[in-house]
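Novice: Just need the whole structure built from these sequences, with the hints factored in.
Letter by letter, the chains look like this.
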Amino acid sequence: MALDYQELIRRSQEGDVEAFEELILAHQQKIYSIAYRMMGNPYDASDMAQEALVKIFKFIKNYRGEASFSTWIYHITMNTCRDELRKKYWQIETSLDQPMDNEEGSFNREIADFSSLPEDIYEKKELGAYLQGLIQALHPEYRMVIVMRENMGLSYEEIAEQLNISLGTVKSRLNRARKCLRDKILADKELYPQLQRLKL
Amino acid sequence: MDCAKIVDSFSAYLDNRMTDAQKEEFLAHLAECPACRQEFDVWQAMSALFANLPQPELPANFSSSLHEKLLEAQKEMIAEEKNVLPFAEKKKNMKSSIPWSRFGSIAAALFLLVGVTWFATDKIWNQEKQNPNLLAESSFSAEGKPDIATNDLLPQNEGEEPSASSGDELGTSYGEIDKDGMKFASLDDATKQFVYSNALGRSADGHPIIAYRGEYEGAEEKDESEVTEKILPVYEVTKATVNLPEADSQVVITKAYELAKQPGIKLLRILSDNNEQLNGIVMVVPKDSLNTFLGEWNGFSPDVKHEIAKADISSEYNDLITQKESLQASNVPEDDSRMQEILLKLKSFNEQLEQVEVMIQFH
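Going line by line, the protein sequences match chains D and V.
For the first sequence, our numbering gives the first residue as 1, with consecutive numbering after it.
For the second sequence, our numbering gives the first residue as 1001, with consecutive numbering after it.
Simulated from the structure, these hints should not be mistaken for laboratory data.
Hints should not be assumed to be uniformly reliable.
[Said to hold, decoys possible] DSSO-like mimics (lysine-lysine), calculated; alpha carbons at most 30 Å apart, straight line:
1. V/K1310 <-> D/K55
2. D/K87 <-> V/K1239
3. D/K87 <-> V/K1075
4. D/K30 <-> V/K1305
Specialist: Here it is as structure tokens:
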């Protein structure tokens, strides 16, 4: 890196676009990746990643190093996607974390809508696209915990704080989301040789 | 532990959220229950699948398109820093969104600090003809301040802003358009360009107005008191975190209860997970005793870490005050629902300003 990291932050705080671009170069891919997992398509992902980066540029003057820079910027990225999802179609279901009856069907429908998976996912037989489709079909509340845990590698505490939910809720949502994904993957495993190799 | 509970704790195991005792119990169950073991293998394989999901490729034009947006943001930020705001709008928002506190910090060496200076010219967007009597045509109130409807001062259409090609016009005379007596034409091109780029809207009689509050070379220096009285206090909400290494939870809770006996200190909640393992404690502490409070935890371990984060709520706070004052000015009674709502929000803000939420967590 041509310039010292602290120097890049300082210059970015003064509104230097080039310094900022150099600063975020190493994070751009991850930010895009988070946005992609959350939004599910390259167009919205690109929009959201850029919106987040512009926000980061605008607010970097307030960054005082309380949290690590990467934590801070991924947090802003996640919040940007979350706000967009909320604007688009988010309906918070109050019953989301309530204990549910044991009818397997209704249980799954609430967490994920796999019926919305596009047909070409199956046709292309690309495992990556298929798995992304599964994440995408999850209810945003569950999608967020999965992305934060699997993609961003956040701890339960960090997820709880960012989503303003209890640690118990983080844990139960992760478990339920994974169970839901597991059911779907097992049902589709015949379609993907990679899944069979994993002895699922 | 029964099989259903084991399945429910798969995530906790995969994410390393179990105590040694829980792990032991979990693994012991897997060792003797083939069904759970098989199911756990599936979860493990699936977890690996998601963890190794290939990263999506960044679109080819991502960086160039981002660059454009950043330049745009930079322009906006410069405009904001220079406090460009039409007077009528500013008067309305005097106590709201203007970052007055930053006003002094941006003074460039070239520029002198002045109060409010007004330019009006019809040449900038409307290049049809120059109007030598612009000052006379713009109506000024008794205090000598332009009296123009707010809407007219807001940018009407970005497309109407002066284009680069209008740069040729910079050298031409715009007459005595400055009520402070400064001749606009006497400014150098760079300063004029700056004034142009910060121009806002049109006056009620259709003339473009450049309202510019800020610094420029050659301007008269204003009495500082005029500026000072507009500087608003900054309101910051503080949050603190005490990171303790995994410690004996009972000792920590006892300590928290003990501290909560002190005036103003409250134990807000205890965070625990489904296994009733203590994850953290949230306490509320008066702002002025925060340091003493944080010091109380130092004895626990040499590794104890404190983090203090601040959030600026000045803009929201000042907006509320403005709204409250405007309701008071229209004689709206205190029991009016709008007023009640504002008072409640203010009360909550005041609490947030006076108290600090401290999260005591283990790592």
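Novice: List in ascending order the numbers of the hints, as given earlier, that are violated by the structure.
Specialist: none
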